[in-house]
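Protein chains: 2
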Amino acid sequence: MPLQSRFQAALDAAISRASDGIAPKHLADALAYSTGPGGARIRPTILMSVARACGDDAPELTDAAAVALELIHCASLVHDDLPCFDNANTRRGKPTVHVAYSQPIAVLAGDSLIVMAFETLARQVPKHPERAAQLLMLLARQTGMPHGICAGQGWESEAKIDLGAYHRSKTGALFVAATQMGGVASGQESEPWTELGARIGEAFQVADDLRDALYDSETLGKPVGQDDLHGRPNAVTQLGADGAIARLTAILSGAIASIPHCAGEAMLAEMVRKTAERLTPVVTPVQSRV
Amino acid sequence: MPLQSRFQAALDAAISRASDGIAPKHLADALAYSTGPGGARIRPTILMSVARACGDDAPELTDAAAVALELIHCASLVHDDLPCFDNANTRRGKPTVHVAYSQPIAVLAGDSLIVMAFETLARQVPKHPERAAQLLMLLARQTGMPHGICAGQGWESEAKIDLGAYHRSKTGALFVAATQMGGVASGQESEPWTELGARIGEAFQVADDLRDALYDSETLGKPVGQDDLHGRPNAVTQLGADGAIARLTAILSGAIASIPHCAGEAMLAEMVRKTAERLTPVVTPVQSRV
Numbered sequence: 001m002p003l004q005s006r007f008q009a010a011l012d013a014a015i016s017r018a019s020d021g022i023a024p025k026h027l028a029d030a031l032a033y034s035t036g037p038g039g040a041r042i043r044p045t046i047l048m049s050v051a052r053a054c055g056d057d058a059p060e061l062t063d064a065a066a067v068a069l070e071l072i073h074c075a076s077l078v079h080d081d082l083p084c085f086d087n088a089n090t091r092r093g094k095p096t097v098h099v100a101y102s103q104p105i106a107v108l109a110g111d112s113l114i115v116m117a118f119e120t121l122a123r124q125v126p127k128h129p130e131r132a133a134q135l136l137m138l139l140a141r142q143t144g145m146p147h148g149i150c151a152g153q154g155w156e157s158e159a160k161i162d163l164g165a166y167h168r169s170k171t172g173a174l175f176v177a178a179t180q181m182g183g184v185a186s187g188q189e190s191e192p193w194t195e196l197g198a199r200i201g202e203a204f205q206v207a208d209d210l211r212d213a214l215y216d217s218e219t220l221g222k223p224v225g226q227d228d229l230h231g232r233p234n235a236v237t238q239l240g241a242d243g244a245i246a247r248l249t250a251i252l253s254g255a256i257a258s259i260p261h262c263a264g265e266a267m268l269a270e271m272v273r274k275t276a277e278r279l280t281p282v283v284t285p286v287q288s289r290v
Numbered sequence: 291m292p293l294q295s296r297f298q299a300a301l302d303a304a305i306s307r308a309s310d311g312i313a314p315k316h317l318a319d320a321l322a323y324s325t326g327p328g329g330a331r332i333r334p335t336i337l338m339s340v341a342r343a344c345g346d347d348a349p350e351l352t353d354a355a356a357v358a359l360e361l362i363h364c365a366s367l368v369h370d371d372l373p374c375f376d377n378a379n380t381r382r383g384k385p386t387v388h389v390a391y392s393q394p395i396a397v398l399a400g401d402s403l404i405v406m407a408f409e410t411l412a413r414q415v416p417k418h419p420e421r422a423a424q425l426l427m428l429l430a431r432q433t434g435m436p437h438g439i440c441a442g443q444g445w446e447s448e449a450k451i452d453l454g455a456y457h458r459s460k461t462g463a464l465f466v467a468a469t470q471m472g473g474v475a476s477g478q479e480s481e482p483w484t485e486l487g488a489r490i491g492e493a494f495q496v497a498d499d500l501r502d503a504l505y506d507s508e509t510l511g512k513p514v515g516q517d518d519l520h521g522r523p524n525a526v527t528q529l530g531a532d533g534a535i536a537r538l539t540a541i542l543s544g545a546i547a548s549i550p551h552c553a554g555e556a557m558l559a560e561m562v563r564k565t566a567e568r569l570t571p572v573v574t575p576v577q578s579r580v
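Note that the protein sequences, when read in sequence, are chains A and B.
Quick note on my numbering: the first sequence kicks off at 1 and runs consecutively.
Quick note on my numbering: the second sequence kicks off at 291 and runs consecutively.
You may find that some hints are simply not true.
Calculated cross-link-like contacts (lysine-lysine; reagent style DSS-like; alpha-carbon spacing at most 30 Å) [as the list claims (entries may be wrong)]: (1) A:K274 x A:K222; (2) B:K450 x A:K25; (3) A:K94 x B:K450; (4) B:K315 x A:K160; (5) A:K160 x A:K222; (6) A:K94 x A:K222; (7) A:K222 x A:K25; (8) B:K384 x B:K450; (9) B:K564 x B:K512; (10) A:K274 x A:K94; (11) B:K384 x B:K512; (12) B:K512 x B:K315; (13) A:K127 x B:K417; (14) A:K94 x A:K25; (15) A:K160 x B:K384.
Keep in mind the hints are simulated off the structure, nothing from the lab.
Sequences and hints are given; from them, build the entire structure.
In structure tokens, the structure reads:
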């Protein structure tokens, strides 16, 4: 089965478990809405590609890990869009959760998605105790404090930001989780997979900076110019657009070079190249804001 | 070691792990602040009492379960106090987290506490795979959707509330988690412990309704009259103050009667009686609002 279909089936199962029986309808709807089609599914795709490159001998565990990771990512988007953070009205071309539903529902949807993520992995403990325990710990580490995406957002409330820690945790953490968890789901150690995730994360950050600086909000499906607006560091401000694109290319070459020896090494390099194509902004007409 | 000291040591360890090394300071501080002294620790005390009544043969697992449960409870308080929910300025006599820090920090603190809760249990999987897996699943069930405290809050966004489901999930869920997890941490089945938790939860709800209706905000350390204000069902509105107190007493007798046969049965009955004393409002001078 193609990775995307496997992932979608596992995600659908998790969402339907969370809405089973007597459940408050708006919150149940918001869980489906916030995880629905439109997302690039880039993190679970990386996770499942790494797992496949390592043999994928426990596909149900790979699927659970991919779903858990995407649920955390979706939770972070729902909370980051809230008025007290980015105050974004659109995401993936649709109204954000607090606009479509309400702020209380958006807070609760994010909370519920985090719980679902850990529940999805916990269900795998009886069959795969060692690997599932590692997956739970890796996901927690890359999500919470002091090193995960919560910490990354937390840095934005500090007067003095540790820029390295900020980028590693804010954007890098879930990419590191993707490659590490893909390896662990297939019975490998996590450590050799750290650098690949970190480099993809760096590339993603630069690409995101480029999109934020170069695109208009209609093309992007969400508000742009947010970094300038919130005074956040941005690679385009530091290096210029051409400099940032050159940096993106260099990081992705490094990512390919970092892939550990494994059966699916060539396939993974191809996956990184495809990710690169997807990430690199097509610099078209609307550049008026730079 | 007394239960309270064991619990505090385990909680301190979890909080200090979450602030280890390079971490954003405000968020790290907010984690300590939101889990700091002042809370009654009623849920972890129940959990540890049940575990002790069942032999407590894996005390480190009991401690982890108690900490995880309290972290979820604290997360729910931080998020419930937000302006989009209760908009509470004080809690336990101190400024709420979003007042003391900021709304972004309050959202992130709640998120981080949820992650820490599951991480705390996940750390126990290698040593106690079966029990820890059950504990993770029980905690997830009583926290998320469709039956946990997230669902409970979610019901408040529905035009038509299923009152039974609302109370079971909003207040009852974490008490059911307390008794079930206490049993499971000591190697027992969860099911025989469900009724005790459910009844303590019911009692707590009635006691909370009484406090909300009878106390002033200075005595209570948080805003009162919130049920009236938000149009939420309240036992005092339905039964009057005397009726509600009679109902509280009846529920607690039922709770004692529901305790499964175990070595610590008498100790547990005593624990429920003490909980009852603690819960029953001392109806003193300030009753002007009823």
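So, going through the hints one by one against the coordinates:
1. A:K274 x A:K222: holds, 23 Å
2. B:K450 x A:K25: holds, 10 Å
3. A:K94 x B:K450: holds, 27 Å
4. B:K315 x A:K160: holds, 10 Å
5. A:K160 x A:K222: Between K160 (chain A) and K222 (chain A) the Cα gap is close to 28 Å, so the pair holds against 30 Å.
6. A:K94 x A:K222: With a Cα-Cα distance of about 8 Å, the restraint between K94 (chain A) and K222 (chain A) holds, given a limit of 30 Å.
7. A:K222 x A:K25: This hinted pair holds, its Cα atoms lying about 26 Å apart.
8. B:K384 x B:K450: violated, 34 Å
9. B:K564 x B:K512: At roughly 23 Å apart (the allowed maximum being 30 Å), K512 (chain B) and K564 (chain B) satisfy the hint.
10. A:K274 x A:K94: holds, 26 Å
11. B:K384 x B:K512: OK: K384 (chain B) and K512 (chain B) at ~8 Å, within 30 Å.
12. B:K512 x B:K315: holds, 26 Å
13. A:K127 x B:K417: Since the Cα atoms of K127 (chain A) and K417 (chain B) sit roughly 15 Å apart, the hinted pair holds (cutoff 30 Å).
14. A:K94 x A:K25: Since the Cα atoms of K94 (chain A) and K25 (chain A) sit roughly 20 Å apart, the hinted pair holds (cutoff 30 Å).
15. A:K160 x B:K384: holds, 27 Å
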